[in-house]
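Starting from the structure of chain A, add chain B where the hints point.
Protein chains: 2
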Amino acid sequence: MEAKLPRHTVMRLSLYRRLLLKYRYLDEPYIFSHDLARMLGIKAVKVRHDLMQLGVSGDRRKGYHVNSLLGRISDKLGRQGEAVVLVGMGMLGHSLLRHMQGSENPLRIVAAFDIDPGKVGKTFDGIPCHGIASLTDIVAQQQAGIAILAIPPDDVAGVLPLILDSGIRGILNYTSLHLDVPEGVIVRNADPMASLDEIAYYIDA
Amino acid sequence: MEAKLPRHTVMRLSLYRRLLLKYRYLDEPYIFSHDLARMLGIKAVKVRHDLMQLGVSGDRRKGYHVNSLLGRISDKLGRQGEAVVLVGMGMLGHSLLRHMQGSENPLRIVAAFDIDPGKVGKTFDGIPCHGIASLTDIVAQQQAGIAILAIPPDDVAGVLPLILDSGIRGILNYTSLHLDVPEGVIVRNADPMASLDEIAYYIDA
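Protein chains in written order, with the working numbering: chain A, 120 to 324; chain B, 120 to 324.
I should point out that these hints are in silico values taken from the structure, not numbers from a laboratory.
Worth double-checking, as some hints may not be accurate.
Copies of the same chain look alike in the list, so a pair counts if it works inside one copy or between any two.
[Unchecked claim] Below, in silico cross-link-like pairs of lysine-lysine (DSSO-like), each with a Cα-Cα straight-line distance of 27 Å or less:
id : residue 1 : residue 2
1  : LYS181    : LYS238
2  : LYS165    : LYS123
3  : LYS162    : LYS238
4  : LYS123    : LYS162
5  : LYS241    : LYS181
6  : LYS195    : LYS162
7  : LYS241    : LYS165
8  : LYS165    : LYS181
9  : LYS123    : LYS181
10 : LYS141    : LYS195
11 : LYS195    : LYS238
12 : LYS123    : LYS238
13 : LYS165    : LYS238
14 : LYS181    : LYS162
15 : LYS241    : LYS162
Predicted model, so just to flag it, every value in this text is computed and none were measured.
Extracted from the complex, chain A is given alone in its bound form (with noise of 0.2 Å):
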C-alpha cells in the first residue's frame, strides 16, 4: 500500500480541486503553479511540491493543463463514489443532503435514517429514509464507510453506539458533542460554533 499523505497535503489537494473546478470551463484551461499559490494565499515552493509529487509537470510556457491536474488530484484522493449514510434528517440533515446532491463530488449519500416515524418510510431527495434500527443492515449492504451526523445532542449517546458496531470508519460529526470513539475510526467536528469560536478569536477588535 501507498503512503498515506499528510492530513495538511490532504487539504491542500482538497483545496486545489475546489479552486481548479472554478477554471475547468474556460476556454483556456491552464493554470501557473505561482498563480494557484498566490490565490490560495500559499508558498509557491509549497505548491509547487505538492503538484511534483501528483507526478504532474506543467508546460514551461502555459503552466499546468487544469483539467489533467483535476484528474490526478481526483486519482490522489481516492475512493471514487465512497457510499455516505446520514444519520438525522432534521433541518440540518436534510440542508446538507441537498447541499451534497446539488455538488459534482464523487462521494455519495446512500440513505438516511431517522427516528421520527413522520420520516422513516419517505424519501427526501430522492433518498430513502429509514429507522434507525435498519442502519447495521443498510450500511453492510450499501458498504457505506462514512456517515454523517446531525442529531440532537441528546441523541448522540443512544445512535453513537449503532453507528460504530455497523462498521462505519468515518463520521462527519455535526453536533455540538466530542465522540469517543476505538482506535481507527475518524472523526472530523463540523460543528459550526467550534469553526466560529476559532474565527472570533483570531480577528483583532
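Frame of chain A, contents of chain B only:
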C-alpha cells in the same frame, strides 16, 4: 496586547470546552487532565500544558473544577457576544441559524440577508432577513465582525465584494468555492464536501 495562541491550541481549547459542557451539570463537576486527554485522544502532557497556560490549577485529589475551567477557557477564547451576520437564507442558512439559536455559545446571529424578495422583510427564528443591499449599513450598526456565507456558488462573485466592503473580518464559508480575500480577513472553509474528502482519504479500504 497579549500574543495570540497558536491555531492548534485554540482548536484544543474549543474541544475542551465542548467536552466539559457535557459534565457541567453532574453532581461532582471535577475532571482530571488525564481523563480529558484520554477522552479527546490527546497526549496528557499536552493537556496539562494547555491548562497551565490558562492559569488554572487542579486539585491533586479531585482534579480540575469543571465550571471554573469552562469560565477560564471562555475568557481566553474571548469575544463574548461577537455579532455574526448570516448571508444566504436558503435551507442550509436557515438550518445553521436554528442550530446556533439552540446552542449556548456566546456568539449570536444579529441579522440575515438574502436576495430573494420573498424572504426579505421576513423574520426567521426571531432574526430579520434583509436585502443584500443593506449589508454594509447593518454590519456597521450592529458592529458585526463575522459573516456566515451560505449562498449558491454562482452568487459568490457578486456578494463577496459587498461583504469585504462592509468591514467584516471573518468568514465561515459554506460554499464550495475558494474565497479571495485581502490580508487580515480570516476565512474558514466549512464546505461539507472538503471534510468528507478528507475522511474518505484516511479511512482504510
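Hints violated by the structure (numbers, ascending): Hints 1, 3, 5, 7, 9, 11, 12, 13 and 15 are the ones this structure does not satisfy, whereas the remaining hints hold.
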